[in-house]
Structures are given as structure tokens and as C-alpha cells.
Amino acid sequence: MNWWDILKRELRQMFIKDPRRVLYLFGACAVYILLFGLLYSTHVLSRVPLVIYDQDQTRLSRSLIQAFEDSERYQIAAYVNSQEEMEEYLHTQKALTSISIPPDFSRTIKTGHSSSILAAVNGTNLIIANSVLSSVQEIILTFSNNTGGSLIEFTGQLPEQALHKVAPVTLELRILYNSTLSYLDFFVLGLAMAALQQGILLAVGASMISEYQNIGELNNVPVWHVISGKFLPYWLCGTLSFIMALSLSALAFNIPFKGSFISLLALGTVFSFTITAFASVLGAICHNEVSFTQFSLAYAVPAFIFSGYTWPQHSMDAISLAISYIFPLTYFADTIRDLMISGHAPSLGKNILLLLSIGTVLLIISTLMYIYRRKHSSDLKQNNQLSPLKQ
Amino acid sequence: MAVSKMQLKDIIKSEFRYMFCHNPKIIFILIGLPILYTMLFGLVYNGNIVKNIPTLIYDQDQTPISFALIQSFADSERYNIVTQVTSQEDMMESLHHGDALVAVVIPPKFAQDIKLGKSSQVLITISTANLMFSNAILGSVQEIVQTYSAGIGQKSLEGLSQTPSQALSSAAPIRLAVRVLHNPTFSYSNFMLPGLGINGLQLAIMLAICYILAREYTRISYWEGISVPSIILGKLVPYWLLSMVGFVLCLVMNIALFDVPCRGDIGSLLLIGSAFTFAIINVGTFFSAIVPNIVYAVQLPMLYIMPAYLFSGYSWPILAMNDFSKGFSALLPITYAADTLRDLLLAGYSPSLFINTTLLFIFGSVLFFLSSLLFCLRRKKLLHTDQEAIL
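Read top to bottom, the protein sequences are chains A and B.
Just so we're on the same page, this note's numbering is the position in the first sequence counted from 1, plus 4.
Just so we're on the same page, this note's numbering is the position in the second sequence counted from 1, plus 65.
Same shape as in the complex, but just chain A:
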């Protein structure tokens, strides 16, 4: 047998004898894209339940409330008449945020003093807290500037001039790449890439473990034929699955596809290579498929969290940063998102090289382990065959 026969044998195993493998390779990341595409299909957080406690009940306070009613970020859960009632809404989580307008709100402002609005937000979920914080600031600021403007108009300034006086510096925000701050664009790609990694790991694991269980079968085939014949199908299928995943995310969920296809393909191919090699090493170490699965699944969560995909490497301390460098996903997930969403990734070249070197080292290790185990097993066999003769 040469490498081509081994490759054909491997494909037959993958598709017919143990179709789990092909399911893992192609199914894992496709399922993840579908699931999480649906989960984040609303893109941004809206309709946060809000309770309003208006102690002023004037035209001015009502127009402020109007601003909150108009914002799609909020859904008014209730208007209440006492502090206790408001606290009750927050306590039972019927409302996650509250706005309290003080008595004399309107009068204080008209007499030229400033008045303050108290906003409270349940901070246990930071996604909600962050979203409320930035939108409430924006709403109050706009309202404050308009109110200030009308106050100055009384001193005989033109409306536009008056506005300039109270808000001499305005802020213009330009958010490049993910301008709607969509969670879908932010999150789904990375999750799919983590699933791709798991898919490759489990498929290659199943193949390696079954090979090691019948290690004598290929004893007469040169080592490099075995390795390349077994390695290539998974590497190629992993890459193919990667391309499918990106296409699916762009077609089904409109995730931007801005990067050049060549860069994406290069990175995907190298990642698939590295993970296939990693799985072959792992497959040589683990005794059976249960252990292999246990390890590879336990590995999945930290690999994702340390990859810098959500919590940035920039905010990690030295130890965490060092740990994050161990995981191949670190050089991949964030870069894929950069390429897809913004069209370029500053660290693309560096990451490709790093992944390639890690992969090569792992491939060499796995080859050595294969040679060792093959020799070990044939020695054992010989001993077993010799021992009856000795007797």
C-alpha cells in the first residue's frame, strides 16, 4: 500500500465505516453557526424593562419620559408613584432599570439651577448595564442640551447660538467595522471556529485511536505513507468545512465578508493543519476514545476564553497572557473576525507563520510517536511469538 491507498482507506472509514467523523468535521461548526446565528439574530439589546418614577409631573418631565418611550432600547414596564414601588420593581426584576425624576425638576431648571435625574440599573448582567449606561447618557445629554438652549434663548440669543453656548463641544462617534455594535457579527464567527476545532479534534481522534488499536495492520507500509495518507483527508476536509462555515455565516446571517478570500483561505488552511496535527499527538497519548473525548471537550472552553476573542488579550495579566499563547485558537479566531468584519488583520502574516510552525512541530512529534508505538507493538508481538518457542 502507498499513501494514496491509505488515503482512500481513510476516506472510506470516514464516510462509510464511521460516519460520525464526517459529521463532526462538517456538522459541528455548521450547527454552531445556525444555533448562534439564531440566538443573536436580534443583533442588539432592545426593550429593556424600565420603571419610571416621575415626582414632578410637569410638561418638562413628561417630555423627558417621552424621550425614553421613543427609544427602542427601553420598554416602559410601569410608572410608579413611590420610591418603595420603584425599588420593588427592581427587586423583583420586573424592571432592570429605573429613572427617577425629582420633585421641583421643572421649577429648579427654570430658576436657573441644575437638577439631576437618577438612573439605576441592575448591574449583574454587564451586557444590559453597558447598553443602558451608554444610551441613558445619550438621551439625557441631548435633552439637557435642548433644555439649556431654550433657557439661553431667554437671554436674547438666537436658538442656534444658544445651543452652541450650552453645548460648545459636541461628540461625533464613528464606529468602524461593526457600527451597529451587533452581537451577531461580534460573536458567531468565533464560536463557529471553536466548533470547527472541536470537529477536527473529535474526527481525527476517532481515526487515530482506531488506528492505534489495530496498529499491526499497516506495519509493512512506510511511515511517511501512513502519516500523509491519514493526515491529508482530515486536513483537507477541515479546510473545506472552514470555507463552508464562512460562506454559511455570510449567506444565512449576513455577517460581513470583507477580507480577501486568499488571506482567509491561507489562515484557515494553516489552522486546520495545526489542529489536525494536535489531534494526532493527542490521539497517540490517549488510551481510548473516551479519554480522548473527555480531554478534548474539557479543552474547548478555556481555549475559547483565553483566545482573546471576547475578553481581549490586552486586558489580561501576564500569567493569563502566557497561558493564552498556548492555544492555537488565539492565533486564529480574532484574526478571522478582523478579516471578515474589517477586511484586514494586522497580525495575519505573523499568525500564519506561528500556526504553521506549531503545526509542523506537532506533526513531527506525532510521527515520532507513531514510529515508537509501531516499533513497540511489533517488539511485543515478536516476544509473544518467541515465548512459546522458548518453552
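Be a bit skeptical, because a hint or two may be false.
[Unchecked claim] Selected chain A positions facing chain B (Cβ under 7 Å, derived; list incomplete):
(1) Leu43
(2) Ala124
(3) Leu155
(4) Glu157
(5) Val173
(6) Arg178
(7) Leu180
(8) Tyr181
(9) Phe190
(10) Asn258
(11) Ile289
Since the hints were made in silico from the structure, they are not lab data.
Please read these numbers as outputs of a predicted model, since none were measured by experiment.
No residue lacks a Cβ here, since even glycine has one placed at the ideal position from N, Cα and C.
The hints should help you fit chain B onto chain A, whose structure is shown.
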């Protein structure tokens, strides 16, 4: 037969013996893995908030007024000014290379416009696909610019012969006070660690429990004549006890090492912990009862468990989900546990503690019943084929 008189107590003992003497990996996974996860994730979120965001300044004005604005950014711990550029191209270049993630652009004639009573604009460009950065910037930049603007507005109104305090009130008639309940510092570790801990625990249970029934089908005659509920209960109790040990250890580590507050009472924490572990153990037992072998017992449940954390409403809230996601989320035990646990820790109470605990126990019991039924049927079938074989 001595075996047929086996008591519940004996089954529990023999299962413990199996764990400690024959397969200590189970103990390592059940207790060690959650501890390892807690350690790792505690470390990764040690920074707590995203700060020192690399910031670029493009000051086209170069006046004391613009320097004052730059100073406000320099004073904020959120921003770390890495470079000052002098042209649009340099700015785009820096953003493109990822040297800076946010650019503060001050237009020419910035100071002059302000003095002339026109309003002037500060342009902030956010250049990252990672929402962690975008959220941190959005939450702080408005405040910085508004404070600065109000200060300048105050000065210019003083020119209209208003007293300083009057002037400030006209420039910023409405001020916003935000009270962030339960997690006032926006600490990321308070937000993430309880949920990641419980997710680690559920993963550990699912990886360890695959053996519980799946391995028994290969030696089914051992269990002949013993009532099925006592077999399953007896095998389940050791897992439950050990996973509670894991739960308590994780909690203690989060509180003692990583400063997650513990405002709830211990009784409630143990209640939700025991309900959750009971439900998950029964999920594992159920899978272990239906699958053909141990490999499937460890791989199949992952379809259900791996996406669970993100669907639980723990980070992406249920109020932002569409109907499909809400439905899927309602089927996952972690939905009833993760949020409740965080509420207990951070807020000291959870409005849904009792309903969620009850639901988890009911869910677990239903699965217990189903597993018993399945085990009973398969035992009957296996024993039948055994007898036929003997005949």
C-alpha cells in the same frame, strides 16, 4: 443469591469503590476540572475592566483648549494615549495596523470656533471588531466630552454676565446620576465567574457520568433481580455528593481568591447548587441509559451541553432572544441556575430561587423516571438474549 439482596447502601458503596479504586479519573474530572476552570477563568478576568485602551490623538488645533481635552483623555484610566499623529493618513495607518483602537480627532479652528460661539465637534473613531472595547469606550467617552463641554459652556456663559454656578446650570441644566446596582464597578469577573463556574461544573459532570449506566450493559447479569430505581439511585448518589463538593469548592475559590461578593445566604446557594447538580446528573444518566456504548455516552450529550451556557440567558439576556432561542433556552437546566446563582451572589437574593429550584428538581425526577424505564427495558432484553444464548 447474595447479589440480589444488595441494598441501596451497598450499591452506593460499590459505586464509591469503583470511583476511588478502579477509575479515579472520575474523581479528578468531577472535582479537579471545576477547580481548574475556576482557577483559569479567575486569572483571565483578573483585570476586571477593560482599561488602557490604546488611543491615538490627532490634534489639528494645537491650542490650550484642545490640550485640555486631550488631558481629560490622558487622565482617564480607560485610555492610554499611545501616539499623536499629524495627518489623516498617519491616523488611518495606525488604526489599520492596530497600534491604536480608538482615535480622538480635534478639528482645526477648534478653539476659535468655541470662542466665536459656534459649536465645535470632536470626532471619536472606534476601530475594533471586539465589542468589549467598543462598550468600554461608549460608556466613558460621552462622560468625558460632556464634562469638558459643560466646563467650556460655563465659561462662555459667564461672559453673558451670569454667575459661575448659574452659568454651569444653564450649560448643563440636567445632570445624570447613575447608580449601578449590585455590580457598581462593572467588574467583569463578578459578571462572568459564577456562570462560568457552573458551566464548568456541568461539563465536568457530563464528562464523568458517561460510565454510570453505559458500562453496566456489558455485565447486566450482575444486576439481575435488583429493583431498577435503587440501582440508579445508588449509582447516582456518589456522583451527586462529589459534584456538590466541586460546586462548594468553586464557590469558595471565587469568593476567597477572586473577590466575587457573596451577599446571599449559604442555604440558598446550596439549594440552587443541589437542584442544578441533581438535574444535570439525571441528564447524564439519561444519556448513559440510552446510548449503545460509553463513547456515545460522552459525545452525544455535548450537542446539548456545549451551547447551553450561551443560551442560558446568563450573558445574552432572554429578553433579547427570539422565540426559537427562548424555547431552546427553556429546555436547559443551566437557564434556571446560572442567573439565579449570580443574583444570589451579587444581589443577595433572587426573585426566582424557589420556582427555579422546584423546576430543576422536577426536571431531574422526570429524567430519573425515564432512565429507570429505559434501563429496565434494556435489561430485560439483554437478559432474554443471554438466556437464549445459553439455551
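Structure-based check of each hint:
1. Leu43: Since the shortest Cβ distance to chain B is 5 Å, the answer is holds.
2. Ala124: Constraint on Ala124(A) satisfied, holds at 4 Å.
3. Leu155: Cβ of Leu155(A) sits 5 Å from chain B, so the hint holds.
4. Glu157: violated (11 Å)
5. Val173: holds (4 Å)
6. Arg178: Constraint on Arg178(A) satisfied, holds at 5 Å.
7. Leu180: holds (5 Å)
8. Tyr181: At 5 Å from the nearest chain B Cβ, Tyr181(A) passes the 7 Å test, so the hint holds.
9. Phe190: holds (4 Å)
10. Asn258: Asn258(A) check fails; min Cβ-Cβ to chain B is 15 Å, beyond 7 Å.
11. Ile289: Ile289(A) check fails; min Cβ-Cβ to chain B is 14 Å, beyond 7 Å.
Hint check: violations occur at hints 4, 10, 11; the rest are consistent with the structure.
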